[in-house]
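Engineer: Residue strings, one per chain:
Protein chains: 4
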Amino acid sequence: MIRVAVVGATGYAGAELVRILAGHPGVKLAALTSRRHSGKIFSNVYPSMAGLVDMPCEEFSAESLAESVDLVFMALPHKLPMEIVPVLIKKGVRVVDLSADFRFSDIAQYEKHYQPHTCPELLKKAVYGLSEVYTEKIRSADIIGNPGCYPTSTLLPLIPLIKAEFIETKRIIVDSKSGVSGAGRSPSLTTHHCEVNESFKAYKVANHRHNPEIDEVLSREADKPVHVTFVPHLVPMTRGMETTIYASLKKQTSTEQIRSCIREFYKGRPFVRLRVEGTAADTLHVKGTNFCDISIHADEAAKLVVLTSAIDNLVKGAAGQAVQNMNIMLGLDETLGLMAVPFPL
Amino acid sequence: MIRVAVVGATGYAGAELVRILAGHPGVKLAALTSRRHSGKIFSNVYPSMAGLVDMPCEEFSAESLAESVDLVFMALPHKLPMEIVPVLIKKGVRVVDLSADFRFSDIAQYEKHYQPHTCPELLKKAVYGLSEVYTEKIRSADIIGNPGCYPTSTLLPLIPLIKAEFIETKRIIVDSKSGVSGAGRSPSLTTHHCEVNESFKAYKVANHRHNPEIDEVLSREADKPVHVTFVPHLVPMTRGMETTIYASLKKQTSTEQIRSCIREFYKGRPFVRLRVEGTAADTLHVKGTNFCDISIHADEAAKLVVLTSAIDNLVKGAAGQAVQNMNIMLGLDETLGLMAVPFPL
Amino acid sequence: MIRVAVVGATGYAGAELVRILAGHPGVKLAALTSRRHSGKIFSNVYPSMAGLVDMPCEEFSAESLAESVDLVFMALPHKLPMEIVPVLIKKGVRVVDLSADFRFSDIAQYEKHYQPHTCPELLKKAVYGLSEVYTEKIRSADIIGNPGCYPTSTLLPLIPLIKAEFIETKRIIVDSKSGVSGAGRSPSLTTHHCEVNESFKAYKVANHRHNPEIDEVLSREADKPVHVTFVPHLVPMTRGMETTIYASLKKQTSTEQIRSCIREFYKGRPFVRLRVEGTAADTLHVKGTNFCDISIHADEAAKLVVLTSAIDNLVKGAAGQAVQNMNIMLGLDETLGLMAVPFPL
Amino acid sequence: MIRVAVVGATGYAGAELVRILAGHPGVKLAALTSRRHSGKIFSNVYPSMAGLVDMPCEEFSAESLAESVDLVFMALPHKLPMEIVPVLIKKGVRVVDLSADFRFSDIAQYEKHYQPHTCPELLKKAVYGLSEVYTEKIRSADIIGNPGCYPTSTLLPLIPLIKAEFIETKRIIVDSKSGVSGAGRSPSLTTHHCEVNESFKAYKVANHRHNPEIDEVLSREADKPVHVTFVPHLVPMTRGMETTIYASLKKQTSTEQIRSCIREFYKGRPFVRLRVEGTAADTLHVKGTNFCDISIHADEAAKLVVLTSAIDNLVKGAAGQAVQNMNIMLGLDETLGLMAVPFPL
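First to last, the protein sequences are chains A, B, C and D.
The first sequence runs 322 to 666 under our numbering.
The second sequence runs 322 to 666 under our numbering.
The third sequence runs 322 to 666 under our numbering.
The fourth sequence runs 322 to 666 under our numbering.
Read the hints as simulated data drawn from the structure, not as lab findings.
Don't take every hint at face value.
When the alpha-carbon atoms are kept at most 25 angstroms apart in a straight line, the in silico BS3-like pairs for lysine-lysine are as follows [said to hold, decoys possible]: (1) Lys-571/A to Lys-624/B; (2) Lys-349/D to Lys-491/C; (3) Lys-525/C to Lys-624/D; (4) Lys-491/B to Lys-491/A; (5) Lys-433/A to Lys-571/A; (6) Lys-571/B to Lys-571/A; (7) Lys-525/C to Lys-571/D; (8) Lys-624/A to Lys-572/B; (9) Lys-349/D to Lys-624/C.
Just the calculated beta-carbon pair ranges, DEER-fashion [what the hints assert, rightly or not]: (10) Ser-507/A to Gln-430/C: 28 to 38 angstroms; (11) Ile-323/B to Lys-572/A: 37 to 47 angstroms; (12) Lys-433/A to Gln-436/B: 22 to 32 angstroms; (13) Thr-511/D to Gln-430/C: 25 to 35 angstroms; (14) Glu-384/A to Ser-461/C: 51 to 61 angstroms; (15) Thr-576/A to Gln-430/C: 28 to 38 angstroms; (16) Ser-507/A to Gln-573/B: 20 to 30 angstroms; (17) Ile-428/B to Met-322/D: 35 to 45 angstroms; (18) Gln-436/B to Lys-525/A: 40 to 50 angstroms.
Everything numeric in this text was worked out from a predicted model, so none of it was measured.
Cβ atoms here follow ideal geometry from the backbone N, Cα and C, with glycine treated the same way.
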């Protein structure tokens with residue numbers, strides 16, 4: 322059986338990977354690494370998993386991982402992966418990287434918004450892991466740049482309409498809202514309960530690093546430069562991300578036509594669900610799942626289409642999509658290990 | 322001393338009126354009415370006020386109110402006020418109505434979105450109570466149509482820019498987020514804790530009755546038809562409303578010019594605060610206050626200005642602004658009873 | 322394959338049963354009934370399950386159920402089950418009832434705290450479904466009275482110590498705290514988000530109907546009358562129940578002896594977990610799981626043992642334990658369908 | 322007018338002191354100090370107060386404070402105050418200290434649970450600031466050891482019954498629950514929103530440093546050694562503390578007798594409120610106030626009285642009681658600056 326490892330297993334995305342992989346019927350979770358908690362039993366860091374994931378957390382060692390596993394999930398802050406991944410790749414280990422280090426095609430964009438890239442040759446070979454859109458390339462990829470949570474929730478509803486040329490590519494507005502787990506596990510004033518509770522606010526207005534990531538993918542799909550106005554907000558909840566998108570219609574188009582367009586685009590792809598007409602996407606309905614729920618609405622007076630999407634930022638926005646990509650890479654059913662019946666609430 | 326009454330005192334907006342008026346140094350809270358709780362001591366309905374507001378809730382009677390008070394706050398669902406207000410006005414009682422019944426200038430708009438209006442002659446005399454904008458008219462008004470919460474949070478940042486002709490009046494996007502208290506005190510699945518918690522969702526997308534209210538005021542100020550695309554969302558918190566607004570700049574304008582424009586417009590009006598540059602409005606900072614915090618940002622690549630505003634939906638969005646209007650009507654300082662030092666969190 | 326039905330499928334406990342049973346590898350979920358939502362697709366009531374549980378909700382009919390299923394879960398308010406269950410039993414259908422109707426051995430206790438019992442003869446045959454304690458009787462039972470959530474969280478830590486005669490049976494204090502989902506899905510002021518949020522309070526102090534249920538079971542196990550002082554509290558969260566128990570030690574006993582006693586009692590029973598020493602049970606660690614986490618502490622100066630337990634009130638406190646009981650009744654592994662790797666948060 | 326300062330103004334208790342003192346009609350808030358934020362405008366740290374508290378935060382200097390103010394509130398972690406306070410006292414400045422440094426009469430207890438005490442002579446002169454109980458001593462005190470939040474919520478309901486000898490002093494159980502703000506503003510995993518949300522847990526079971534503080538005061542009032550079993554819990558909310566107390570009745574006593582006892586004890590003291598019979602204390606009802614709500618219940622079968630109390634941990638549990646003590650020290654009405662009408666929710 323394929324053996325996998327999670328590097329950076331004790332952050333929130335890492336722990337979510339552990340949850341999914343420990344219950345995955347097609348692979349064996351063979352190693353966990355954690356700088357901070359190395360030497361500890363994983364379930365002492367996340368006691369919910371006591372009795373189920375009692376493996377130790379190890380120090381990271383590329384050599385030792387290369388010997389013991391076939392595929393590695395990297396759940397580290399950006400900058401670290403581009404230093405580590407080349408060694409793993411050289412030793413024949415495939416990588417799904419959840420940082421930004423392998424997401425960009427245009428290295429200049431990466432370097433503008435992050436830092437100098439230390440392995441541009443690998444960046445060229447990396448595939449952007451938006452599972453439903455780049456499925457074929459993912460299949461044979463050795464490195465996946467797993468998409469950011471905001472880009473995932475934005476791109477899934479938009480790409481079909483961009484490709485169908487239903488909407489103008491100018492003045493697309495993306496108003497996104499994220500739960501707090503997106504900020505990671507490191508304590509900070511931003512994640513302090515008393516500062517989060519009863520607080521709703523925008524941050525990094527039109528200035529977030531997921532903006533160029535969204536722009537690059539949309540530009541590729543539209544085959545011309547696209548820039549969206551992107552504003553993220555913080556919601557007083559743990560999990561979940563809702564995105565409301567406003568786009569001008571090129572010509573008169575009914576919501577039913579738009580529904581059909583999106584439905585056709587994702588035909589046979591179970592993780593994209595269209596909401597019942599007249600209702601909007603709700604983060605509660607996707608909590609703990611790999612689903613992306615989408616709704617379509619019109620403001621006819623303004624000739625605008627309004628799209629809403631909801632994902633769990635830690636699942637479809639991170640660990641779930643990473644495992645979905647692994648499934649595709651390994652030729653498994655893309656839903657394997659990801660289709661538990663969701664909680665009613 | 323001026324005697325006032327709250328009609329519908331046991332709903333959330335009514336109770337917030339009671340809180341403010343019971344502590345107001347310039348008026349005497351002389352009567353409370355409540356259909357559901359008539360006969361009960363108010364502080365048995367809201368035990369936080371035990372020892373401070375131990376008045377009984379009465380059945381509503383226009384006659385009895387007209388004898389005992391000079392000014393009435395109506396905190397009832399729409400439709401009821403337009404039946405009651407005429408009687409009060411005839412008896413010389415001034416009215417601040419928190420429902421939609423006296424908000425519209427264009428009766429056709431009201432009737433399209435609500436129901437037939439039963440006292441159009443009074444509607445004509447009513448003044449829209451956006452305190453900072455219609456101050457002069459409010460001073461001498463007998464009936465105030467107190468603005469909706471969404472319109473308040475939208476109009477305060479937008480009107481200065483509309484009047485200064487800094488922004489296009491086409492394709493204004495208003496993405497609003499409200500705490501749950503906006504849905505009122507009547508229990509429903511929408512307000513059930515388990516359905517709210519960890520849930521973020523849009524509702525009534527481009528289809529909310531506050532949309533025509535916003536459109537009418539902006540059209541009046543712009544002196545031409547304005548239609549904004551308005552999408553409200555529900556946030557898992559009790560109080561607070563954040564609104565993010567996207568508008569196209571007519572010509573190159575710096576954020577500093579926009580800041581100045583808004584600052585000048587609200588000069589001498591303490592309830593509108595501009596946020597420190599680089600930070601966005603946060604509902605936590607206005608909780609329990611009558612402030613409207615505003616921030617200004619630019620997406621230069623898209624020639625857009627992004628505005629965020631934050632209010633407490635029950636205070637500046639309802640009861641607080643109603644009392645501010647009363648202060649203006651009575652020739653008092655507009656901040657009287659409304660300027661307690663806010664909680665740090 | 323064994324066919325099962327959920328009666329009252331659209332309440333919270335019912336929906337949780339649907340979640341577990343729809344993913345259960347050993348049975349087939351063959352029918353759902355709901356008075357309120359009869360005729361609707363289940364996933365239109367709980368959209369999280371769209372694509373996974375798209376069965377219709379039916380009107381309840383004992384005849385039709387008896388023909389189509391082998392075992393029925395009843396998730397109705399008490400009083401209804403005792404009218405329905407006799408018909409099902411007569412037709413050879415086994416029943417797991419989540420109400421109080423079949424929990425009591427002493428009919429007088431039931432009638433004192435609920436209402437006259439209409440089928441005392443079946444009550445005698447019913448088995449109290451505390452899975453880890455009454456396993457043998459559950460195996461051959463036709464009717465299970467599934468325990469209340471508070472009793473489950475109280476009895477699991479206490480019974481081993483009662484049976485080992487480590488603690489006095491007098492003056493046991495049980496201070497319990499429950500999430501809001503325990504109040505069910507029907508909207509009420511008690512479950513209104515704005516009344517729950519930032520609210521912590523006791524209710525039905527020493528006067529809750531789970532108190533006699535606890536007393537009866539403990540009396541049976543102690544073989545003498547036991548009465549605990551039981552105070553439930555409401556916590557501003559959706560799922561989870563924590564119980565803190567205070568009991569006098571009969572003689573000097575170390576916490577390690579008490580740990581051993583509980584560990585031995587639940588040997589081989591994976592759903593009872595002892596917390597790492599020095600840490601207390603946390604509802605976050607059992608959210609969405611069938612675990613009961615237990616911790617043991619001493620107040621030596623007072624010769625008291627302090628126990629804490631945590632369960633998910635909808636799982637081990639309701640639907641999960643019900644399915645565990647079904648597994649035992651059917652001779653399946655008791656963990657079947659209940660051992661998904663828990664979420665890290 | 323009396324001039325006061327807050328030392329440690331940017332922690333949560335400090336900021337709450339600033340809120341109350343900035344609005345206090347009887348004193349002038351003349352200086353704020355903060356190590357971390359020295360040089361910043363206070364309202365840049367707490368933007369809710371923008372326009373209302375725009376004073377700078379200074380470095381602490383005993384000399385400079387002694388020149389500019391008459392009374393100092395210390396809101397620092399314990400250990401620091403005992404180094405600073407002697408200098409202030411020598412210069413004739415009165416001090417209300419919110420740390421534990423001046424709470425204990427028995428220095429051995431302090432040193433056992435904290436560290437060596439560096440100014441035992443001042444400790445002897447300090448008065449324990451439980452406002453309603455030690456009013457006379459507070460009046461003339463130069464140093465107040467302001468009570469901990471848990472002790473305040475425990476002692477106010479218990480002391481009248483201890484003094485009236487209604488209850489046994491053995492085996493008193495105190496089960497307390499606190500909001501997260503009690504943990505202070507410094508970020509940690511304990512206060513991380515994602516670890517708090519949906520989490521309820523006990524901590525420091527029978528091992529919290531407020532336990533000896535409670536024991537000492539009760540022993541003094543009972544005139545014999547009293548030890549309570551004290552277990553604190555963390556509630557997923559910002560503000561509020563609920564305490565449930567279980568005590569054995571010495572002889573048959575009705576709840577009405579107990580109500581009368583407590584009512585008489587606190588006669589004329591407006592901050593202690595008895596809840597309407599049959600209802601328990603609720604943190605929501607005291608949020609943002611200096612009230613302590615108390616309820617009385619009986620478990621007759623166990624000959625126990627059950628008391629519940631609710632306070633706002635940052636107000637009556639810290640800053641509010643500190644200001645109440647200042648009012649008493651200055652001969653002002655004890656409610657001055659503390660009696661704003663509370664929010665309905």
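Engineer: Take the hints in turn and mark each one as holding or not.
Structural biologist: Going through the hints against the structure:
{"no.": "1", "hint": "Lys-571/A to Lys-624/B", "result": "holds, 20 angstroms"}
{"no.": "2", "hint": "Lys-349/D to Lys-491/C", "result": "violated, 56 angstroms"}
{"no.": "3", "hint": "Lys-525/C to Lys-624/D", "result": "holds, 17 angstroms"}
{"no.": "4", "hint": "Lys-491/B to Lys-491/A", "result": "holds, 14 angstroms"}
{"no.": "5", "hint": "Lys-433/A to Lys-571/A", "result": "violated, 32 angstroms"}
{"no.": "6", "hint": "Lys-571/B to Lys-571/A", "result": "holds, 22 angstroms"}
{"no.": "7", "hint": "Lys-525/C to Lys-571/D", "result": "holds, 24 angstroms"}
{"no.": "8", "hint": "Lys-624/A to Lys-572/B", "result": "holds, 23 angstroms"}
{"no.": "9", "hint": "Lys-349/D to Lys-624/C", "result": "violated, 51 angstroms"}
{"no.": "10", "hint": "Ser-507/A to Gln-430/C: 28 to 38 angstroms", "result": "violated, 53 angstroms"}
{"no.": "11", "hint": "Ile-323/B to Lys-572/A: 37 to 47 angstroms", "result": "violated, 59 angstroms"}
{"no.": "12", "hint": "Lys-433/A to Gln-436/B: 22 to 32 angstroms", "result": "violated, 56 angstroms"}
{"no.": "13", "hint": "Thr-511/D to Gln-430/C: 25 to 35 angstroms", "result": "violated, 42 angstroms"}
{"no.": "14", "hint": "Glu-384/A to Ser-461/C: 51 to 61 angstroms", "result": "holds, 57 angstroms"}
{"no.": "15", "hint": "Thr-576/A to Gln-430/C: 28 to 38 angstroms", "result": "violated, 58 angstroms"}
{"no.": "16", "hint": "Ser-507/A to Gln-573/B: 20 to 30 angstroms", "result": "violated, 40 angstroms"}
{"no.": "17", "hint": "Ile-428/B to Met-322/D: 35 to 45 angstroms", "result": "violated, 56 angstroms"}
{"no.": "18", "hint": "Gln-436/B to Lys-525/A: 40 to 50 angstroms", "result": "holds, 44 angstroms"}
Consistency with the previously given hints fails for numbers 2, 5, 9, 10, 11, 12, 13, 15, 16 and 17, ordered from lowest to highest.
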